[in-house]
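Student: Once you've looked at the hints, dock chain H against the given chain C.
For the record, the sequence lines run as chains C and H.
Counting from 1, position 122 in the first sequence corresponds to residue 122 in UniProt numbering; the numbering is continuous, with no gaps.
Counting from 1, position 153 in the second sequence corresponds to residue 153 in UniProt numbering; the numbering is continuous, with no gaps.
Please keep in mind that the hints were generated in silico from the structure rather than gathered at the bench.
Heads up, some of the hints might be wrong.
Here are the simulated distance ranges between beta carbons [said to hold, decoys possible]:
#1 C/Ser-99 <-> H/Glu-264: 27 to 33 Å
#2 C/Pro-34 <-> H/Asp-124: 53 to 59 Å
#3 H/Asn-298 <-> C/Tyr-142: 34 to 40 Å
Not the full set, but computed from the structure, chain C residues with beta-carbon under 7 Å of chain H [what the hints assert, rightly or not]:
#4 Asp-15
#5 Ala-46
#6 Lys-93
#7 Lys-100
#8 Asn-104
Where chain C lies over chain H, by a calculated footprint (3+ residues, C-beta under 8 Å) [stated by the list, open to error]:
#9 99 to 106
#10 234 to 243
#11 281 to 289
#12 376 to 390
If you're wondering where the values come from, they're calculated on a predicted model, not measured in any experiment.
In this text, a Cβ means the ideal position worked out from N, Cα and C, and glycines have one as well.
Residues per chain, in single letters:
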Amino acid sequence: MEKCDMKCQILLIGDSGIGKTCMLRRFADDEFDPSYILTIGVDYKARILEISGKSVLTQVWDTAGQERFNTITKNFYHRADAVMLVYDITDVKSFENISKWMYNIDENAKDNIVKMLIGNKCDLKDKRVISRDRGEEMAREYGISFHETSAKSNTNIDAAFDDIIREIIVKKTLTPTEMHNDVIDPTQQKEDYVQNVLKLCCQL
Amino acid sequence: MDATHPPEPHPHLGEFEDPVDGYADDDLLTPDDLSVSVTGMTPSRSFLETEEFETELGGVEEPFEDIFNDISVHEIIQVIADGDRVGRPIVVVYAYRLPSSKEIDHSRLLQYLTQIIDKIVDQDYTIVYFHYGLRSHNKPPVRWLFQAYKQLDRRFKKNLKALYVVHPTRFIRIIFSLFKGFISSKFENKFHYVMCIDELENALSVSSILSHCGGSIPPIVDQLIEFLEAHALTMEGVFRKSANIGSIKRLQDRINKGERIDFENDPEYKDNEYVASLHASVLLKTFFRSLGEPLTTNKLYPRLAALSEVSKAEKSAAVKEFVKLLPRDNYILLKVVIKFLTKVADNSKVNLMTANNLSVVFGPNLTWPTDQEVPISQLNNLNNFCYKLIVDYDSVFDH
Chain C
1 MEKCDMKCQI LLIGDSGIGK TCMLRRFADD EFDPSYILTI GVDYKARILE
51 ISGKSVLTQV WDTAGQERFN TITKNFYHRA DAVMLVYDIT DVKSFENISK
101 WMYNIDENAK DNIVKMLIGN KCDLKDKRVI SRDRGEEMAR EYGISFHETS
151 AKSNTNIDAA FDDIIREIIV KKTLTPTEMH NDVIDPTQQK EDYVQNVLKL
201 CCQL
Chain H
1 MDATHPPEPH PHLGEFEDPV DGYADDDLLT PDDLSVSVTG MTPSRSFLET
51 EEFETELGGV EEPFEDIFND ISVHEIIQVI ADGDRVGRPI VVVYAYRLPS
101 SKEIDHSRLL QYLTQIIDKI VDQDYTIVYF HYGLRSHNKP PVRWLFQAYK
151 QLDRRFKKNL KALYVVHPTR FIRIIFSLFK GFISSKFENK FHYVMCIDEL
201 ENALSVSSIL SHCGGSIPPI VDQLIEFLEA HALTMEGVFR KSANIGSIKR
251 LQDRINKGER IDFENDPEYK DNEYVASLHA SVLLKTFFRS LGEPLTTNKL
301 YPRLAALSEV SKAEKSAAVK EFVKLLPRDN YILLKVVIKF LTKVADNSKV
351 NLMTANNLSV VFGPNLTWPT DQEVPISQLN NLNNFCYKLI VDYDSVFDH
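Here chain C stands alone, though its shape is the one from the complex (with noise of 0.2 Å):
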């Protein structure tokens, strides 16, 4: 396997039957499979993305939304650099559950872990029931971003994924003890935090 510069870690978490087995599927084999099968604890799928010319080895976590496997997929979640909250557009419940995920990954993972909000099975147009309003409000609310997505139709998957590592590298390079070690006033820490983080969008 050829030389990554970096390597990051996307969980990817919400409700069964959702569709986060076919997302990962999408992104790692751009392939889509209607057939009903449920994940069983955890899988994970690997790919090499080219990202302002680093190459990121970009593992995907898929978890089963099965409520018993809570406490293992809890076991992932402090590895993780990013999360990835999904929900189904056509599925209310699975919308109102987000809160209960967001709430898991307080309580279990890292303190600087990236989240994103998605909105899975876009192309259901006709059933769909929850606007891209709410999805972009609620994201809103968490201060994270927003994608709605479709696996079967190939709609935003890489974008979506695409956003998130740059999120990841911006946090990566931006670790807290870099920021510590000589800034002593704080206004100016946050200037300077600001700063490189403008820099760093430049660059992305």
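Tutor: Quick look at chain H alone, frame taken from chain C:
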């Protein structure tokens, strides 16, 4: 009252001196009780010591061959011989079965109680008291409770492992604080209030408590399966789909408080069969997941894990052997659930839940041990066990 009395020996009894803090109407203390408890305070020790309860009762000395048909017919007290997880007997007392005070002779009830407990008192045992249904008309006098405590005190305390009071009201708390002065701290440690049935599940074998209504199937499982069989067999993704966590919590609370949910006519479910089916299916999974230990038991888990070593050809026979090892109640409950799952799988063309998919959902819910860490690699074995139960149902459960 404080002023006229010497220093208050039991501060908690203070509750009694100021009964103005708004006892609810159904609180069961009557002025009579209060007068008993007041006279039974500082002077209470002497009250119990001077009056000769032994002679007054004459209970212990009386021959136990006495026939208690008039008492036993009410089925107030029930003994479950191999009640808790380690097979120690449980004495279950149902307050709601107490007849009106006018119809029952409380001193005979006490003798009857003594006689029952006497048979098991030489080994460790547990008492579970369901307080529900105690009303003023069937409430035994406080004084009688003192007598009962006093009489049972001597012989029965030592091996009592725990006393669970289920759904206590303020009345029972007050009574207990009244007793506090007399009982040892050792006994106090054995005393537990249970606000919610599921707390009891942690303490005791569920099926033995819940099955008191006859049979081995907890009523809620019976009810859920009956409903799901009639309404959810063709629902796509039944048991896979998650429900709103909050709704399920609320539902659990209602059921744990003793309410029976009518999934067909409940305001929440009327005209919404899909949500009713979804909630019922998630609830069934939740029930099995939240038992204190899996249906296949923690103890037998090593045997279950060993099934992964068995070759494909011998698997069905090995699964059958394993199932035979289960305690009777667990076996019967497992059989009922799996039978139902075979019916779900029969409809997999419509509901998409094949035996394999069902086993992914139910495997861990029925088998995941609660007393040890299990490597994730065991999941396949546990799912496979569940899969075999479903596809080989007829041969696995033929005895």
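Student: None of the hints should be skipped; say for each whether it holds.
Tutor: To see whether the hints hold, each was checked on the structure:
no.: 1; hint: C/Ser-99 <-> H/Glu-264: 27 to 33 Å; verdict: holds, 30 Å
no.: 2; hint: C/Pro-34 <-> H/Asp-124: 53 to 59 Å; verdict: holds, 58 Å
no.: 3; hint: H/Asn-298 <-> C/Tyr-142: 34 to 40 Å; verdict: holds, 39 Å
no.: 4; hint: Asp-15; verdict: holds, 4 Å
no.: 5; hint: Ala-46; verdict: violated, 19 Å
no.: 6; hint: Lys-93; verdict: holds, 5 Å
no.: 7; hint: Lys-100; verdict: holds, 5 Å
no.: 8; hint: Asn-104; verdict: violated, 11 Å
no.: 9; hint: 99 to 106; verdict: violated (count 0)
no.: 10; hint: 234 to 243; verdict: holds (count 5)
no.: 11; hint: 281 to 289; verdict: holds (count 4)
no.: 12; hint: 376 to 390; verdict: holds (count 4)
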